[in-house]
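Visitor: Go by the hints and put chain B onto chain A.
If you want the building blocks of each chain, they are given just below.
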Amino acid sequence: MLRHALRRLLWIVPILIGVTLASFALLSYVPDPADDPAVVATLRSDEVTELRRSRFLDLPRFFNEHPSDVVGRVDDALAHLGADDQALVRLGGAALPYLLPRLDALDPAARARVAVALLPVAERMGIASAQAGDPALAVAFWNRFWADRGIDFRSANARRGARRLSVHGTSSREADLIELDTFALEQIMVALDELSAPVVGAPGPASADERIEPLRRLVAAAAHVTERDDKIADDATLPDALACVRRWREWWLVHQTDYVAYGGGSRFLAMLTNTQYARWADKVVLLGFGTSEGAVPIWQKLRDRAPPTLTIMLSALVLAYSLAIVLSVVGSLRSRLAIDAWILSASLLLYSIPTACLAVLLARRGHSDTVLAVVVLAVGLLVSPFGQIRALFAEVESRDYIRHAHALGMSPIRIAVRHALRNAALPLVALASVELPTALGGAFVVEKAFGISGLGEETVRAVQTHDVAWLVGLAFVTALTVTITSILADLAVAAIDPRLSNAALYHRRNIA
Amino acid sequence: MKRRELLIKLLKNRRGQVGALVISLIAFFAIFSEWIVSDLPIYVRYQGSAYVLPAITHTPVFADLRADQIAASLGPGDFAVWPLFRVGPQAVTLTPPLSGPSSDHLLGTDAFGRDVFARLIHGTRTSLSLGALVAILSVLGGYVLGAIAGTHGGMWDGFVERLAEIVGVFPAVLAVALVRALERRPSILSLVVVITAVKWAEVARLVRVLVLRSLAEDWALAARATGVSPMRIAFVHVSPHLMASIAVSAVFAVASVVLTETSLSFLDLGVPSTFASWGEMLGEVRWGAGPRILLPPIAALGLTLGGLYLIADAIRKTFEV
Chain A
1 MLRHALRRLL
11 WIVPILIGVT
21 LASFALLSYV
31 PDPADDPAVV
41 ATLRSDEVTE
51 LRRSRFLDLP
61 RFFNEHPSDV
71 VGRVDDALAH
81 LGADDQALVR
91 LGGAALPYLL
101 PRLDALDPAA
111 RARVAVALLP
121 VAERMGIASA
131 QAGDPALAVA
141 FWNRFWADRG
151 IDFRSANARR
161 GARRLSVHGT
171 SSREADLIEL
181 DTFALEQIMV
191 ALDELSAPVV
201 GAPGPASADE
211 RIEPLRRLVA
221 AAAHVTERDD
231 KIADDATLPD
241 ALACVRRWRE
251 WWLVHQTDYV
261 AYGGGSRFLA
271 MLTNTQYARW
281 ADKVVLLGFG
291 TSEGAVPIWQ
301 KLRDRAPPTL
311 TIMLSALVLA
321 YSLAIVLSVV
331 GSLRSRLAID
341 AWILSASLLL
351 YSIPTACLAV
361 LLARRGHSDT
371 VLAVVVLAVG
381 LLVSPFGQIR
391 ALFAEVESRD
401 YIRHAHALGM
411 SPIRIAVRHA
421 LRNAALPLVA
431 LASVELPTAL
441 GGAFVVEKAF
451 GISGLGEETV
461 RAVQTHDVAW
471 LVGLAFVTAL
481 TVTITSILAD
491 LAVAAIDPRL
501 SNAALYHRRN
511 IA
Chain B
1 MKRRELLIKL
11 LKNRRGQVGA
21 LVISLIAFFA
31 IFSEWIVSDL
41 PIYVRYQGSA
51 YVLPAITHTP
61 VFADLRADQI
71 AASLGPGDFA
81 VWPLFRVGPQ
91 AVTLTPPLSG
101 PSSDHLLGTD
111 AFGRDVFARL
121 IHGTRTSLSL
131 GALVAILSVL
141 GGYVLGAIAG
151 THGGMWDGFV
161 ERLAEIVGVF
171 PAVLAVALVR
181 ALERRPSILS
191 LVVVITAVKW
201 AEVARLVRVL
211 VLRSLAEDWA
221 LAARATGVSP
231 MRIAFVHVSP
241 HLMASIAVSA
251 VFAVASVVLT
261 ETSLSFLDLG
271 VPSTFASWGE
281 MLGEVRWGAG
291 PRILLPPIAA
301 LGLTLGGLYL
311 IADAIRKTFE
321 V
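Residue numbers (our numbering), protein chains in the order written: chain A, 1 to 512; chain B, 1 to 321.
Bound conformation, chain A alone (with noise of 0.2 Å):
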């Protein structure tokens, strides 16, 4: 029984890739907001390529090929020398190891342009002088500078740097990082992760100054480096620089394909990370869910919406299933008499109003409350279940064991409980559970006829504005919800009918 449960649970997980992987396909497929012709025909060209970089749109959807990192937007840069130099200066440190040791590969006139374009780069290391503004003596001042300070350019050196820094912030310890540039960026974003997320039971830092320290001083390294103006300011609570940090995380995540370098193994799995699923998968896990429109955490909203969405949906599938079985009870007794005719044609009717329908004409009247928005739900849950049972006591009316049952002298009422519906329990729960989809669905129409603020109104929006973290979210609520009642499902069915409890339980083959 146990295995059979934990087996079930560990089974979440591919669901649930499957579940992100089928909505991720679909939404990539359904055109973005910032592919609007409205929207982008308000913004510069450059304003769009950022929006939709910070989309992931610029990546393939499941597989890149190329995946592009440093080296490539140096040969970029390079190949589109004149055009665009800014580009270079964006890059900054992190492409001096590819840039630098091919300088002298180049002619003349371009040598001497490159060197000019990283002037403001030598500004934000802190080492401009006047020989490298000028166009004549530049190539030399990168040479030295290469030869003299090339072999502080690993990345062992850039995370001692800021692990240096992150521990006591001294001017010279900033120096030194600040002369690496954005190639300390990440290492820099690695120290601010291991400082935002402590490992529990780790002795770490006793109060909230001494926790927002070190991350101020890393986020202004980095804000130096990238010319970002994102700070934590001094005045700054822990929640406050941690929104910060995590605001990093997210630029990180966009942008680290300009600063890093994939080399061997890490250029292969490059391959599966550059892409949209990947990013957008790492943004929803590793943010915790996420920060979806609004800022607010996704696992807060679920929290604060979900309750009365649930309420209503289990309670109403509970009412739902009760009726259906006490009326096909009440129907089996009678079979031969009008009214089993009569509930199966008032079930069917009640079936053919919409929910929305039922809804709102009641809202209308002014009537609106939980409960009636439970019951309103429950009429349209009713008839399936209903049917079924109907169905399944009319097969079983016929067997022996009920003929039996009949000529001991049991009561009609008694062979119904006891025995017809013992019967039709397992197709009852196996419906219940596939019937929870249908009841959220329900939920939400209810939810927004009823005026009650749930998962429906948020999900709505969602769809509607492409957000697909929340989307994800609430899969994983459903999918875990689902697969929880599954398995209670099938401990159900096997306590009710142990001849099942094999098939049930172990899915196999031999059932005798």
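FYI, nobody ran anything at the bench for these hints, they're computed from the structure.
Since the structure is predicted, the reported quantities are computational estimates derived from the model, not experimental observations.
By construction, the Cβ of each residue, glycine as well, lies at the ideal position given by its N, Cα and C atoms.
Please note: incorrect hints may appear among the correct ones.
To be verified - To give an idea of the chain A side of the interface with chain B (calculated C-beta under 7 Å), a few residues:
#, residue
1, Ile12
2, Leu26
3, Gln300
4, Ile353
5, Val360
6, Leu362
7, Gly387
8, Val445
9, Val463
Stated by the list, open to error - Residues of chain A placed beyond 12 Å of chain B at every Cβ, according to the derived structure:
#, residue
10, Arg53
11, Pro135
12, Ala147
13, Thr237
14, Val254
15, His404
16, Ala405
17, Leu408
18, Val429
Unchecked claim - Take a look, some chain A residues computed to stay more than 12 Å from chain B by CB distance:
#, residue
19, Arg7
20, Arg113
21, Val116
22, Phe145
23, Gly169
24, Thr170
25, Asp176
26, Asp234
27, Arg247
28, Asp304
29, Leu319
30, Arg390
31, Glu395
32, Arg414
33, Leu421
Guide: Chain B only, in chain A's frame:
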């Protein structure tokens, strides 16, 4: 029992006869909508040429003409055979929106000034055919996959179950909304595809458990002992026992198209189609449609369900052992 005997038993079932009568009546409306209510004539001789059912052939000559304009522009020697009511399902009439029943508009007009009766009759065709399509496709797919899961067990069973779970995670309403967002022009076919993709799982699970249960019975063991393959047992021997449940599932699948479309337009998800259908009519509840507009499609859906249920009942009675 022989097949012939089963057929006779099915045809002689009183409930089944009533159900078949109701369904054929509704099917009649669906097939002959243009003969009953349309803004274009059934047959018209117009400026020397003859047109048969221009509403179906989409004749460009009449594209922008209202019924009264066509009638007025008929020259000498021209003549037209008109349907019972001269009003179309899409056309915005000159009658103000949301006005009550009159001799021109049997059931009045909706929030856009369109004729409710015309939309009801023309919606019958859309809703009935799409419903039937969903029912057939999902029952076929669900039966095959459910039977494979039930008989083969092990990996197959796990696979089908997981697939059903993945499919079952998203409410149908959401899935349709996402697919609709993909399309430039909302087609009603996306509704069929997605609802089928969601519905098969329901049938498959039902079939799976019923196959599992049947295989535990003595007759199935006996069949196994005589060398019948499990697949043959599932498809040939078990199928009569499944008829009752599957027929009921199919009945509800027919209705699900209408109900899903209603929820969809009520929740404002995806662009609604302008095609007349019952679901679209019921979705007008959000524009303030009252019982006058909502009751006709509800009654039509109820009648369809009732008729189908009676037929399903007859099938169950026929295969009862």
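Visitor: Give a verdict on every hint.
Guide: Evaluation of the provided hints:
{"no.": "1", "hint": "Ile12", "result": "violated, 9 Å"}
{"no.": "2", "hint": "Leu26", "result": "holds, 5 Å"}
{"no.": "3", "hint": "Gln300", "result": "violated, 22 Å"}
{"no.": "4", "hint": "Ile353", "result": "holds, 5 Å"}
{"no.": "5", "hint": "Val360", "result": "holds, 5 Å"}
{"no.": "6", "hint": "Leu362", "result": "violated, 11 Å"}
{"no.": "7", "hint": "Gly387", "result": "holds, 5 Å"}
{"no.": "8", "hint": "Val445", "result": "holds, 5 Å"}
{"no.": "9", "hint": "Val463", "result": "holds, 5 Å"}
{"no.": "10", "hint": "Arg53", "result": "holds, 22 Å"}
{"no.": "11", "hint": "Pro135", "result": "holds, 54 Å"}
{"no.": "12", "hint": "Ala147", "result": "holds, 57 Å"}
{"no.": "13", "hint": "Thr237", "result": "holds, 38 Å"}
{"no.": "14", "hint": "Val254", "result": "holds, 24 Å"}
{"no.": "15", "hint": "His404", "result": "holds, 16 Å"}
{"no.": "16", "hint": "Ala405", "result": "holds, 18 Å"}
{"no.": "17", "hint": "Leu408", "result": "holds, 22 Å"}
{"no.": "18", "hint": "Val429", "result": "violated, 9 Å"}
{"no.": "19", "hint": "Arg7", "result": "violated, 10 Å"}
{"no.": "20", "hint": "Arg113", "result": "holds, 47 Å"}
{"no.": "21", "hint": "Val116", "result": "holds, 49 Å"}
{"no.": "22", "hint": "Phe145", "result": "holds, 53 Å"}
{"no.": "23", "hint": "Gly169", "result": "holds, 49 Å"}
{"no.": "24", "hint": "Thr170", "result": "holds, 54 Å"}
{"no.": "25", "hint": "Asp176", "result": "holds, 51 Å"}
{"no.": "26", "hint": "Asp234", "result": "holds, 45 Å"}
{"no.": "27", "hint": "Arg247", "result": "holds, 29 Å"}
{"no.": "28", "hint": "Asp304", "result": "holds, 20 Å"}
{"no.": "29", "hint": "Leu319", "result": "holds, 19 Å"}
{"no.": "30", "hint": "Arg390", "result": "violated, 8 Å"}
{"no.": "31", "hint": "Glu395", "result": "violated, 6 Å"}
{"no.": "32", "hint": "Arg414", "result": "holds, 23 Å"}
{"no.": "33", "hint": "Leu421", "result": "holds, 15 Å"}
Hint check: violations occur at hints 1, 3, 6, 18, 19, 30, 31; the rest are consistent with the structure.
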